Amino acid sequence: HMISSKRTSAHVTSFAEVDVTGLVQLRETRKAAFLASEGVKLTYTPFFVKAAVDALRDHPLMNSSVDGTRIIVKKDIHVGIAVALGKSGLVVPVIRDAGDKNVAGLARSAAMLAERARSKQLQPDDLQGGTFTVTNVGSLGSLMGTPIIAQPQVAILATGAIKKRPVVIDDNDLGDVIAIRHMMYVSLSYDHRIIDGAMASSYLQRLIVELESYSVESAI
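Taking this note's numbering, the leading residue of the sequence shown gets 39, the next gets one more, and so forth.
Rather than coming from a laboratory, the hints here were simulated on the basis of the structure. Quick caveat: nothing in here was measured; it's all calculated off a predicted structure. Misleading hints may appear alongside valid ones.
[Unchecked claim] Taking lysine-lysine and the DSSO-like style, the derived pairs with C-alpha atoms no more than 27 Å apart in a straight line are:
(1) K69 - K79
(2) K202 - K44
(3) K69 - K112
(4) K113 - K202
(5) K201 - K112
(6) K113 - K201
[What the hints assert, rightly or not] DEER-style ranges, computed between Cβ atoms:
(7) M150 - A199: 21 to 31 Å
(8) E255 - D135: 32 to 42 Å
(9) L178 - R45: 19 to 29 Å
(10) D135 - G213: 24 to 34 Å
(11) V206 - R156: 23 to 33 Å
(12) D114 - R45: 43 to 53 Å
(13) G106 - A74: 22 to 32 Å
Every residue, glycine too, gets a C-beta built ideally from N, C-alpha and C.
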């Protein structure tokens, strides 16, 4: 399947850096209460999926497929999430109608699919119908990745490990200052037959805005 994807799509990967300090603070503040109220752990994956979905709304061509000479733009957003099965590989179950869910809803869906995947209870329908894919390579320790597109989709997002690093930020009072921030890389592999670098960069910038908008006061 991966070889077929490489032969079918002209793969290009673009990268961006994100300051997720606010997101880290939000998760650390809420994770205990979230587990108590929802019964599942609050991971970073639902936040990544939510940001990816919000960016897709402004870039509908990313949520499409190519059929010969036709481009089919999908109305609904069904997001595949890569789930590692220990050291034996991975599967990509699909969160249906991800565009209709908030972070809490995405967290519940992701947790359910991950549990079913690891207990070998996934059904064939759970693995089909995705229109976009998010793979959290950072959960396994990778800083970044160049993922292969899951056909017949035209794009896949990889989110890297979150690391604390000294970075230059613009302070309203002090100007440019060096601060310790939680940083991560994101990478978008896309089908260059229909998506160019300008659109990919625009998508990543929209994604960055969403991920950097979180704070401890944000609703989930």
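Subject >> Hint numbers not upheld by this structure, sorted from lowest to highest >> reply: The structure conflicts with hints 2, 3, 4, 5, 6, 8, 10, 11, 12, 13, although it agrees with all the remaining ones.
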